[in-house]
Amino acid sequence: MGDGMFRNVKKQRFTDKWAEVHRYQIQDIKFTMYLWQKSRLSLVGSGIVVALIVVALLAPHLPLYDPFQLNVLNRLLPPSGEHLCGTDQLGRDILTRMIHGSRISLMIGAMVVAISSLIGLVLGLMSGYFGGKIDEAIMRLTDMFFAFPRLVLAMAVAAALGPGINNTMLAIAVVSWPIYARLARAGALQIKNEIYVEAAKSIGASNMRTLFLHILPMILHVIVVQATLDMGGVILEAAGLSFIGLGAQPPSPEWGLMVSEGRHYIHMNWWVSTLPGMAIVVTALGFNLLGDGLRDIFDVRARR
Amino acid sequence: MSEELLTVRNLVTHFYTYRGIVKALEGVDLTIGRREVVGLVGETGSGKSVTALSIMRLIEPPGKIISGEVIFDGKDLLKLSDEEIRSVRGKEISMIFQEPTLALNPVLTIGLQLQEAIETQDLRKEDAEKLATAMLEKVGLPDPERMFKNYPHELSGGMAQRAMIAMSLSMKPKLLIADEPTSSLDVTVQAQILDLMKKLVEEIGASVLYITHDLGVAAETCDKIAVMYTGYIVEFSDVLTMFENPLHPYTQGLLNAIPKLGYDLYTIGGEVPDLINPPSGCRFHPRCQEALDICSKVKPQITEVKKGHLVACHLFKY
Amino acid sequence: MGFLMDLRTYILRRLLLMVLVLFGVLVITFLLSHVVPADPIGAILGPQAPIDMVEKIRHEWGFDRPLYEQFVDYVWRVLHGDLGKSIRTNRSVTSDLMNYFPATIELATFSTFLAIVMGIPLGIISAMKKDKIPDHFARVFAISGISIPVYWLELVMLIVFYYQLGLLPGPGRLDPYMAYPPRVTGLLLIDSLLARRLDAFVNGLQHLIIPSFVLGMFGAAGIARMTRSSMLEVLKKEYVRTAKAKGLRERIVVTRHILRNALIPTVTVVGVTYGGLLEGSILTETILAWNGLGQYATGSFLYLDFMAVMGVTLFIAVIYSLMNLFVDILYAYLDPRIRYG
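Protein chains in written order, with our numbering: chain A, 1 to 304; chain B, 1 to 318; chain C, 1 to 341.
Since the hints were made in silico from the structure, they are not lab data. For clarity, every value in this text was computed on a predicted model and none was experimentally measured. Incorrect hints may have been included.
Derived lysine-lysine pairs resembling DSS-like cross-links, with alpha carbons at most 30 Å apart [to be verified]:
(1) B:K174 x C:K237
(2) B:K172 x C:K130
(3) C:K237 x B:K172
(4) B:K297 x C:K237
(5) B:K91 x B:K224
(6) C:K236 x B:K79
(7) B:K79 x C:K129
(8) B:K138 x C:K56
(9) B:K199 x B:K172
(10) B:K79 x C:K237
(11) C:K236 x B:K149
(12) C:K129 x B:K198
(13) B:K149 x B:K125
(14) C:K56 x B:K64
(15) B:K79 x C:K132
(16) B:K79 x C:K56
(17) B:K149 x C:K237
(18) C:K130 x B:K64
(19) B:K91 x C:K132
(20) C:K236 x B:K174
(21) C:K85 x B:K64
(22) B:K79 x B:K64
(23) B:K75 x B:K91
(24) C:K237 x B:K91
If you anchor each label on the Cβ, the simulated ranges turn out as follows [what the hints assert, rightly or not]:
(25) A:E82 x B:P62: 32 to 40 Å
(26) A:V282 x B:I276: 23 to 31 Å
(27) C:L232 x B:L265: 52 to 60 Å
(28) A:A110 x C:E233: 53 to 61 Å
Even for Gly, the Cβ is constructed at its ideal location relative to N, Cα and C.
Given these sequences and hints, build the entire structure.
Below is the structure:
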C-alpha cells in the first residue's frame, strides 16, 4: 500500500517539475497556435495536408472504381463525366488510381521521415553533446553522404538493393538522415552550454536524462520543420525513383510510376501523365507550404 | 538670422514596427552655430542616433520623418529632392559612426573607399590616388601607400576610425556629425582620435555635432551640450553652465551618476520608458523626484530660461 | 607575398579535404557494389547468367577474398580508370562515360547559366521589395521549385509547346533529319561552330531551350532564395549606411557596396545547383531523348547493369566534388577577408 502511493507521488512530482521547467514552452504552444492560424501559408499548407490524409485514409470506402481492374475496351479515354481524370492505357480509372496512390505516397513519406529523422536525431544529439571522437566520426560520415547529390546516391542504393517500394524507402531514408544529424548536432552544441543544462547536471542529472529532457525539447521545432519539408521532398524522390523504374513496380498506382507509364502517350493523351503529376505537385506543395509556414512561426517566436 | 549653421525645429520621427509605432523623436529642437562643437548627450535609446540620421535624411522604412524643419545653411533639408540631399551628404554634412571596422565595406580597399568620398571623377587615376594617399597621411596613418591597398579587416579600430575621419573631412564639410566615434575604441586611442578630430575640424572651420553617452567626453570636447531624453531635448546650454548649474532633474541625475571616489553610486530610479507607449506629458515624470501634477498631463516646451540656457521642464516656466 | 600564402594554403587545405571526401565516396560506392547487394556477382552479371559461371567469376574476380583486400583492389582499379564493363553496351564503363558525359555537361552548364541569369535578379528584386508583390511572387516561385517534379514539368512543356502548339522542337539534341557535326569535344554547340555548321548550331540551341529552361527554373529557385537572404543580410549592414552618408549615387551604392558583398555567398549555391541539375538530367534525359549520362544511367537501372550504375554514380560524385571545390576556391578569392586573411 505505502509503496504504490509513494511511487505515484514521486511520478506526479516529476511531472510537475517537468511542467514547471518547461512551463514557458507550454505557454508557447498556445502562442504558436495563435500564430499558426494567422499565417496564411501554413493554413493553406495544413489544409492541403489534412485533406490529403483524410482522402487517403478513406480511399477504400469511397465510391471509386477498382484501381487494378483492367478494361481494355475503355483505354485512353479523355476526362469526362464518367471518368473525371480519364483512363490510362489499360483502361483503369485514373482518379481512382491517383487517390489510391496517395496512400502509397503518404506512407512512404511518413515511414522514411520517421526513420531518417530518428536516426539523424539520435546520432546528431550524441555528436553535438559528447563531442570528441564520436563527433568527428559522425561528421565525417555525414560529409561522405553529402559528397553525392542526394537523388543520385538514393538511386545507387536503390539499384544495389533492387526495385520495389520497400527498397525505395530504405534508399531514401539512407540518404535523408544526415541532414537531421547536422541540425540536431547544431542545436545540441548551442543548447548544451546554456545555463539550465549546467544547472540540471549540477544536481546530478545523468547524461541521457539531460539529453532527452532538456536538450531535445529545445531543438524539436527545428526537426519538425525539417521533417515537414522533407515529406514533400521524399514524396518527390520516391516518385522520381519510380519514374525511372527503380521504385514502385506495375501495377502499383504510385504517382511517379503513373507519370512514367503515361509518357508514351503524351502526343495524343496528355492526361495520363499530366494528372498524376499534378497530384505530386499539390501534395509536395502542401507539405512545403506547411513547413515554410511553421518555420516562419518559429522565427517570430525566436525573435520575441 | 541664418547666423546659425543648423537649426532643427520640432523634428518628429516614427518607426512603424509590427509591435507598434515607436515614437523615437517627438519634437527635437537643436541649434548649431558656425565653428561650434555641440554635444548631444543621452542614454542608449534616447534617440541621439536617430536625430543624426534624420538630419542626414538617412532614415529608412519602417522609419519615417513625420514633421519638423532642419534648416542647414538657409535650406530646409527635409524639403530637398533626393538628388539635392545626396549632394549635401558627404560634401556639406559628413558623418562618422561608432564601429569603424563595421562601417567600412569589407571587400573594397581603404584607398578606394576614400577615393569615393573625394569624388574624383574629373581627376586622372594617379592624381586621385595621390590625393587619397595624402589624406591618409594627414590623419596620421603610417605608411599611407601601403594603407591605401589594405582592406578594412586588416586595420585596428583606431586606424579604421582615422580612415573614416579622412573620408568624412576630405571634402571639407561645414558640419561633421560624429556618432559615438570613440565608444568602441581603447581609452588610449580615444584620446588620440579626439585630438585628431579637434585639430582637423579647426583647420577646415567646421562645426561638429558630437553624439555621446559619456558626459565626461562631452565636457572635454564640446562648446555646448544638449541633453536628450526619450525623443526630445530636455536641456541645452554651454558646457560650463551645464556642469555648474544643471536645471533639468534628468541632467542633474546624469551628473550625479558620474562615479565619484568615496561616494556611493547614484542611479536615477525607474526604467527607460517604452517608446511605443511613452508616458504622457513629460516623459521623465515617472522617474522625477520633483514631478508636479502638471508634469503627467502636459509636455513641457523647451524655453529659454536664461540667455543661452534652454530647458524643457515645468519647474522653470518663467 | 603574405597574401598569396594564405590563398595557397587555403586551396591546399581544401584539396586535401576533397581527397578525403573522394575517399569516402569510394568507400560508399564500394560498399554499395560489393557489400549491399545480396549477391554482387549475380547483380553484375545480370539475372540471365548461369549459376556455374557466376561461381567461376566470383572466384576469378576475387569476390571471395577478405573485404579490405577487395577494397584495395577496387580503389586500385578505379584510380587506373577501370570501372568495369557494361553488360548492356558491352564496352568498358569508362569509355561509355567518356562517350556520354559531354551531352550532359552541355545541358547542365547551360541550365546553370540560365539559373543564374534568372535567379540572381529575382533574388535581388525580392530583397529590395521585401514583403511586396515581387517578393511574394519570388517566394511562390521558390516553393514551386521544390514541389514540382522536373520530369513532369518537362513532359508538360513538351505537351504544350511541341505537341500542341508546335512552337519549340521536340525530343533530341537535333532535329531527326539533321546530321551531327564531327565530334571534337562532344559539346554540340562547340562542335557545330568548329565545323562551321551554323544550321546545327541554331537547331541545337533551339533544342536546348525547353530542357535547360526547365532545369534552369529549378536552379533559379534555389539561387533566388540564397540571393534574397544574402541581400537582406547586407542591406542591414553599417557600411551600406556609410556609403549613403558619403553621398554616393544610388547605382554605385547598389553595385559596388551591396551587390559586391551580397553575391559572394550566392557563389556557394551555384555548386549545389550544379549537382541538382546533374540529378535532373538523369530524370529527364530519357524523355528528351538526350543521349547523355542520364539516359545511360536510366538505361542501366532498367537493365540492372550494375557496373554501369556504380560507374555513373562515382563519376557524378567526382564532378560534383570538383564543382564544389571550384566554387569554394572562387569564394575564397572573392572575399578579401579570406584571401588576405
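30 Å limit on alpha-carbon distance, applied to hinted pair K138 (chain B) and K56 (chain C)
86 Å, violated
Holds or violated: K129 (chain C) with K198 (chain B), Cα cutoff 30 Å?
Between K129 (chain C) and K198 (chain B) the Cα gap is close to 42 Å, so the pair fails against 30 Å, i.e. violated.
Has the given pair, K79 (chain B) with K64 (chain B), been kept, meaning a C-alpha gap of at most 30 Å?
Cα-Cα ~14 Å, so holds.
Can you confirm whether the C-alpha distance between K91 (chain B) and K132 (chain C) stays at or below 30 Å?
34 Å, violated
Given pair status - K64 (chain B), K56 (chain C), alpha carbons within 30 Å
83 Å, violated
Satisfaction of hint between K174 (chain B) and K236 (chain C), Cα-Cα up to 30 Å
28 Å, holds
Distance restraint between K130 (chain C) and K64 (chain B), which requires alpha-carbon spacing of 30 Å or less
17 Å, holds
For the pair supplied as a hint, K75 (chain B) and K91 (chain B), confirm whether the alpha-carbon distance does not exceed 30 Å.
Cα-Cα ~15 Å, so holds.
Against the 30 Å threshold, does the CA-CA distance of K237 (chain C) and K172 (chain B) hold or violate the hint?
Distance of about 26 Å is within 30 Å: holds.
Decide if the proposed pair is consistent with the structure: K149 (chain B) and K125 (chain B), CA atoms, cutoff 30 Å inclusive.
14 Å, holds
Under the criterion that the straight-line Cα-Cα distance not exceed 30 Å, is the pair K174 (chain B), K237 (chain C) satisfied?
With Cα atoms ~27 Å apart, K174 (chain B) and K237 (chain C) stay inside 30 Å; holds.
Using the beta carbons of A110 (chain A) and E233 (chain C), state whether their distance is inside 53 to 61 Å or not.
36 Å, violated
The structure is inconsistent with the numbered hints 2, 4, 8, 12, 14, 16, 19, 21, 25, 26, 27 and 28, although it conforms to all the rest.
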